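Novice: Please take these sequences and the hints and turn them into a complete structure.
2 protein chains.
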Amino acid sequence: MSVVVYGSGQLAQMMYLAGAPLGIDVQAVDVNTDTVVHPVSKTPLDTSLSQALESADALTVEFEHVPERLLDEAAKTGKLMPDIASILVGADRVREKKLLQSMGVANCMHRIVTQLDDLDACITELGSRLILKASRDGYDGYGQWRLTDESELPSLKKSLASLNLEVVPLVVEKMVDFDRELSLIGVRNKQGEIRTYPLAENLHHQGQLHVSVAPATEVNEALQTQAHDIFVTLAEGMDYVGVLAVELFQCGDKLLVNELAPRVHNSGHWTQSGSVTSQFENHLRAVCGLPLGDTSAIGPSAMVNIIGCGSFSRELLSIDGSHLHWYGKSVREKRKMGHINVTAPSYNALGEKLTALSQFLPLEYFPKLTEEANRLKG
Amino acid sequence: MSVVVYGSGQLAQMMYLAGAPLGIDVQAVDVNTDTVVHPVSKTPLDTSLSQALESADALTVEFEHVPERLLDEAAKTGKLMPDIASILVGADRVREKKLLQSMGVANCMHRIVTQLDDLDACITELGSRLILKASRDGYDGYGQWRLTDESELPSLKKSLASLNLEVVPLVVEKMVDFDRELSLIGVRNKQGEIRTYPLAENLHHQGQLHVSVAPATEVNEALQTQAHDIFVTLAEGMDYVGVLAVELFQCGDKLLVNELAPRVHNSGHWTQSGSVTSQFENHLRAVCGLPLGDTSAIGPSAMVNIIGCGSFSRELLSIDGSHLHWYGKSVREKRKMGHINVTAPSYNALGEKLTALSQFLPLEYFPKLTEEANRLKG
Chain A
3 MSVVVYGSGQ
13 LAQMMYLAGA
23 PLGIDVQAVD
33 VNTDTVVHPV
43 SKTPLDTSLS
53 QALESADALT
63 VEFEHVPERL
73 LDEAAKTGKL
83 MPDIASILVG
93 ADRVREKKLL
103 QSMGVANCMH
113 RIVTQLDDLD
123 ACITELGSRL
133 ILKASRDGYD
143 GYGQWRLTDE
153 SELPSLKKSL
163 ASLNLEVVPL
173 VVEKMVDFDR
183 ELSLIGVRNK
193 QGEIRTYPLA
203 ENLHHQGQLH
213 VSVAPATEVN
223 EALQTQAHDI
233 FVTLAEGMDY
243 VGVLAVELFQ
253 CGDKLLVNEL
263 APRVHNSGHW
273 TQSGSVTSQF
283 ENHLRAVCGL
293 PLGDTSAIGP
303 SAMVNIIGCG
313 SFSRELLSID
323 GSHLHWYGKS
333 VREKRKMGHI
343 NVTAPSYNAL
353 GEKLTALSQF
363 LPLEYFPKLT
373 EEANRLKG
Chain B
3 MSVVVYGSGQ
13 LAQMMYLAGA
23 PLGIDVQAVD
33 VNTDTVVHPV
43 SKTPLDTSLS
53 QALESADALT
63 VEFEHVPERL
73 LDEAAKTGKL
83 MPDIASILVG
93 ADRVREKKLL
103 QSMGVANCMH
113 RIVTQLDDLD
123 ACITELGSRL
133 ILKASRDGYD
143 GYGQWRLTDE
153 SELPSLKKSL
163 ASLNLEVVPL
173 VVEKMVDFDR
183 ELSLIGVRNK
193 QGEIRTYPLA
203 ENLHHQGQLH
213 VSVAPATEVN
223 EALQTQAHDI
233 FVTLAEGMDY
243 VGVLAVELFQ
253 CGDKLLVNEL
263 APRVHNSGHW
273 TQSGSVTSQF
283 ENHLRAVCGL
293 PLGDTSAIGP
303 SAMVNIIGCG
313 SFSRELLSID
323 GSHLHWYGKS
333 VREKRKMGHI
343 NVTAPSYNAL
353 GEKLTALSQF
363 LPLEYFPKLT
373 EEANRLKG
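Protein chains in written order, with the working numbering: chain A, 3 to 380; chain B, 3 to 380.
Some clues are possibly wrong.
Note: identical chains are not told apart, hence a pair may lie in one copy or across any two.
What the hints assert, rightly or not - Result set (DSSO-like, lysine-lysine): computed pairs, CA atoms no more than 30 Å apart in a straight line: (1) Lys192 / Lys331; (2) Lys81 / Lys44; (3) Lys192 / Lys379; (4) Lys44 / Lys331.
Quick caveat, the hints were computed from the structure, so don't treat them as lab data.
Since we're looking at a predicted model, the values are computed, not measured.
Specialist: If you want it as structure tokens, here you go:
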């Protein structure tokens, strides 16, 4: 079998590595050049994009910002999974909010804003603590603004003045006093079979994910079920095929959907060694119409992102249960260079391992690590 | 980092897949054409063998029968791991026996035979139940003969008459009444760090491995320690670097070494989902001088070889904890086409899963599966 992935970054690479054992040949599309490349080496393959599309059993994406001309071409083959509407939900916050509302899925109170003067009404309706998000091209904290007091409104309007809100509206959300950020990775295959992973707890810094711990601590059955039910509502409602990541805010015993990502997701990388079947394998199983794999956790695990950092001691591999996933990219500020998965028999032992890990890493690039290690050690 | 593997079969492929996350680029050498190929697609890479050898950090093998001219060339670089002497021990039973004897490692009673008439002395010394093995090119049960009664000697001599025993001596072993066949996979890195995996129990049929179960049932600490100590003696004595597989006969509470394989080994494939670090990753860590990974088992697991069989239901993936590893080769009788790893929370559950698995497989190709499933279910 063969699967073509739009995008040739680390997610396509990890899909390739998960697909090979199953006899699934994963090819990647460099969306800047419309060429088909090897997902690991990135060298061009001896096939044109149209040939690759024709011979593929399934087409999928590693990110939601694939140029629409490519998505349209892919959709015409009838082999694009998830479908184009699902992908665009991830690329456009207005579509996303409308979908959540239409399906009755709890999310953050918000308004869609297409002209600056609507912001006054937002404050009246949602209060003066707001997050403003560009509806499109927002990624890892870019294209976001905050209002924490009404007095900041004039200067905020000034900084937004150059935007064309008719073309790219703002989603203005009431700032939520959440207890923590969680995510649910789930998967639905062509036949409609659904599996969800245990909730992961995610620690962000400056809009980027730094550490995930899974299964999240202090999750009772009701909370996991609530998340599972949200996934089922969304995946069935969208007739979704593949892995879908649901980013959540936990407020007491209630979950609010923050964002959807119609693809394998950074907060699911822990599944590579922390669960029976990785999200990458399950995504491929789903789009190829194979039975889904067991999504159970093997034990407590953590995923630590390596961001903007190209130099660290490989001696970190001396920590039992540690696995490095290196993406082979050139170093750039804020760029995701790789991640480290760590498994342990208990949360306390996991905390000890994260402390050990911190000794091998330049901590200025890992601002959440020590804090999380200490929390897990209780 | 980059590692060149002599041989371009499934073992090189699985090394490649284990190396990519670590940022280790694994290239394979097709030893029939001296070309460097991609270990998964087998397509030639844009590099000559000498270029690949020059830029590699380490050279290694996926099988011991690499042409000696290639091994000599590799050895000259000073980067071949394990070294040439260790590889030849796996390729030549006479060397193997001499090594075991010189290190005082318990093995089967035997004689080296270079002329047919020596067989009479073998019977006097070892008894009339013998296994005769060609010292070289023996592989998966080829090049082996049995004597079960002295009366068979004349006909045996006749069938051996065409062999040149001066060039390829026979190793004649007393047939051992062993209780079961076990194997120990261990690994030693460049720095001398050693780790061994839990013992696996192996079920053979017509000289080929069909099923492994790991950790083997009914292994007490003393037996595991005995195996570990054998590994340490051998690996340190040979100054071995990489994964070394030790095939063992268990006779009561005593282990005898049957064979050595200086490489990743079929009876270690269970480590891909049954242990914290796979043998493939640990082999690469070892030859690259990285710290070794945890060799603990996650729980009971089984490895089922797919031999000579190209057609079966992919619905076997519906069994929780099952993972398919397909090698992408054309089907041939007795050829290893792939394997299935299965993990379970208990041996009993593992037996149940093997029973479930058997419903998706043409059982004529899996002669040991039902028996082993029933044994595990007790």
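Novice: For Lys81 vs Lys44, is the C-alpha pair at or below 30 Å within one copy, between two copies, both, or neither?
Specialist: both (23 Å within a copy, 27 Å between copies)
Novice: When no copy is named, should Lys192 and Lys379 be tagged within, between, both, or neither for a Cα gap of at most 30 Å?
Specialist: So Lys192 and Lys379 fail the 30 Å test inside a copy (42 Å) and across (34 Å) alike.
Novice: First find the shortest C-alpha distance between Lys44 and Lys331 inside one copy, then the shortest across copies, and answer within, between, both or neither for a cut-off of 30 Å.
Specialist: This pair counts as both: shortest intra-copy Cα distance 11 Å, inter-copy 24 Å.
Novice: Between copies, within a copy, both or neither: which fits Lys192 and Lys331 at Cα up to 30 Å?
Specialist: between (33 Å within a copy, 28 Å between copies)
Hint compliance for this structure: hint 3 is the single one not met.
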